[in-house]
Amino acid sequence: MRRFFTPLLIIGCLMSLLLSCFSSALFRDQQFSYRDAAHYYYPLYQKVQKEWDAGRWPLWETEENGGMPLLGNPTAAVLYPGKILYAMFPYAWGARLYVVAHTVLAFVAMLALMRGWGTSWTGSTVSALTYAFAAPILFQYCNIIFLVGAAWTPLGFRAADRWLRRGERMGLLELAVVLSLQTLGGDPQSTYITGVCAVGYAFALAWLRGRATPWKIRTGLVAAIAVVSALGYVAIVLGLAAILPSYRVRHMPPLPLAWMPWAPPVVLAVWGLIGAVLIVRWARGKRESPLVPMLTGLGSAGILAGLLAAAQLLPVLEFTRRSGRAAGGGPHDIYPFSLEPLRLFELAWPNIFGSNFAGNNHWLALVPYLSQHAHIWVPSLYMGGLTLILAIGVFGFRNASPWRGWLSAIALISLVASMGEYSSPIWWARQIPAVTETLGPLDPQDVAALRQDGKLRDGDGGVYWLLSTLLPGFNQFRYPSKLLSFTALSVAGLAGLGLDDVLVRRRRKTEVTAAMFFGLSLVALAIALVRRQQIVHAFLVGAAEQKSIFGPFNPQGAYDEMFWSLVAGTVTFALSLLLVLRGQRVPREAAAFALILVTADLALANSRYIFTVPQSLMDVTPKLVELIEKAERESPQPSPTPFRVHRMPIWDPYVWRDQASSDRVADFVTWERKTIQPKYGVPYGIQYTLTMGVAELYDYDWFFGGFLQTPDTEMARRLGATPGEKIVVFPRRAFDLWNTRYFVIPSLPNGWKDEHRGFAAFIDDSELVYPPPELFKGPGGEQRQKDWVMKEDYQLYRNRKCYPRAWVVHEGKPIKPIVGMGRTDREGPMIEILFENDHFWYDPSLRVYNPREMAWVDSDKSDELRPYLSQGASSAGETVTITKYGEQRVELDVALDRPGLVVLADVFYPGWRLTIDGKPAPIYRANRLMRGAAVSSGRHHLVYSYEPDSFRMGSRLSLAGLAIVATLSLVFRRRPYSPRLGASSALAG
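When the letters of the sequence shown are read in order and numbered with numbering that gives the first Met the number 0, they come out as residues 0 to 988.
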């Protein structure tokens, strides 16, 4: 029986954590409901599965942003093999099992990694439990693509280690498969960082290989060099922050520094030069160094991974290089969700700053030294008290095995880099008032990628900025806190190594660490007990200013959260100290105790972050979908379908800030679904004019950006705004032009200066559909209206100026074709297209054009289009009728009295093909991003079909990749080891 004790205990610990976290989803018909899990991935994956069920490749979706590639959306994970769960089970169950399965995969993958390093079953299980159920990993159920990436990462590390340290060629195939699965699963950033970590490991191993004895670090010398280097770097960064803004060309909005477009190719060239130097030195050195073969193997695995994922990767690259992420002066910002340094305390004490989910009990915002707080990526960093002690105990590089040093380096770099802007000297310097005169103030809230004053960003010069600058392509990613997944992996791995260590010997560093945390926790707990009234009073002083969507700040609740965090920490550290001191005496019992302690600790601390709602909430038809369908039935329009709906992206009812809730997450889902917050309307056929997701076409974004403008006196009076003051305005013509028939907007404008509530441009020439005015008439009507504004806070308007989805013009205005992703060439044409001299945007120096009669076309196509653009308005007898509108096929019947350009208000995008009466015809770019068809007089049938070359080519490459994997698998079975990378005694650990 003793022989089965450890396996049964391991399975029991895993099952206990799975049940504590996922029982509501598995046994109570609940669905994951928080953040992107509900409003983004649930409807998106439902859309993907609907396409599969219809027997189509999920290539395109019509429901967002004028149409956008579905296969090219990396978060859609269209070709990821794990999505088979959605086909095997009813959709709701597929969504649940997809999360649970990848949590289990994270556990198994981490277990395999640690066992590959010779760690005991107990130590490996501690690592696996910690990794899979650490808050930075577990909470990614809300952002499932990052859970997928994290689940595969340990196997990527294992594969890299097999190749680099042991010379096993099968490790290369394993690495290629893992990297391709991370990419297909929607997380190319994990793919990239896994590769970077492997390259760093290769350099370290090559440097260590051949040494007879382990490298001994001279701590004092290293510390001195580090301090001097850091001070020098800080001085350089601050000096450049003071000087560089003066070299920026004066322009509004600001433009990147003149040389910035050259930075990526220069960095790429430098890395290429480094590679060439390594190859030359290797060739001249009798090919003794293993570094070049190591890197060649990694590069080959990366290429093979790209081939395997090419069917999805090529469409993704086709899309993202046209998105705002690829624009130097675009909206892509790399610093949101930086990790605030104070939150490092969460590594030791769960919920030490309180939480939001049982009321607004989070008190970090009361800390005075920060002028503003970052958005929170994960609500906790907690990975376990024992885990932290064990990891710190073996953290380091002196006399370390290669993998221990590797994990230590990754833990340090990823944690500091995850701080994003807070790792930059500029941010710290701007805390000093005297310095702001030179460097400028801290970044304003919701700052764009480039500051309006032209100063450098707070995060420029930080560790994350270095990664974005020095690693080719890394600046396409965003959110520094994503790196916490790699911190979790490293800390979990070190903890497993640390447990094996304390079970065989006493390690002073671990004992001191455990005693220190226990002492600190005990002292903090005593202070919290003795100073309870003072602490609650301090919280109470700032309570009025700390309202959030979770309700008014609760000082007593915040204190209770902090107190119980300290209690939990004290108990955990006390038990951990006992384990560290006595573990080597009773190793078998201590190992079992460690597993139980880690399991209980993580279950109590982190299971609270799994939020679910009844499945019925996710199945009910949204209220606004019903209202729009009813409005269409009762008041048919001249061009009935299709049409678009603009739902202003982000706002929430004011009542949430004034009233706490026992289940605010359920409130979120109920209200957001009711008001069809994107993407909730996608499964119901709602076509959104504008949604903000992982990426949008850069040229499409240009149509809809808001700006500050002074309304004329009449409009200011109608809005109740102060005459002469600027308000937030969106270009109304853009929404009209893109076939927006309905506006879903807030009830309150918040002074008209809030871009999330700035609906002023949408109510003129629109009619209110809901709520009906009679709802607020009669006795109690005023109170009902007040309640509606505070609790419901939404309105549905129908746009009287909505353009049809397709129309014909006979006049064209040539514009210079735009090359690249800069702002300057786009501004002039976009002003011409959008300006209509309305109550908000009026300028006598600008001419008003009529897009119903004229289209803007690229000048290099002018000669081809001249016979079709003879000028003049279209006649009443000319019609354009959409007879079929599908995901990958649009059919139109056209009747023209004379040749013209038929404009379709869907995005111009590679892969779309056109036939006119069955014959291929070119698609012209109209109005900067719409599709144009040159059609002769008479009756014609137009068919647009989506047949992307990127998918066709990618599919062939993926098939080739599979053939290569199969072939190499046979070859590597016969020749499993590389003779150049045979393990040496220095690397045995």
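Check each hint, because a few of them may be wrong.
[Stated by the list, open to error] List of simulated lysine to aspartate or glutamate pairs, EDC-like, C-alpha gap at most 16 Å:
#1 800 to 763
#2 800 to 852
#3 725 to 857
#4 46 to 618
#5 815 to 857
#6 800 to 857
These are calculated hints, taken from the structure and not from any lab test.
How the hints compare with the structure:
no.	hint	verdict
1	800 to 763	9 Å, holds
2	800 to 852	15 Å, holds
3	725 to 857	35 Å, violated
4	46 to 618	14 Å, holds
5	815 to 857	6 Å, holds
6	800 to 857	26 Å, violated
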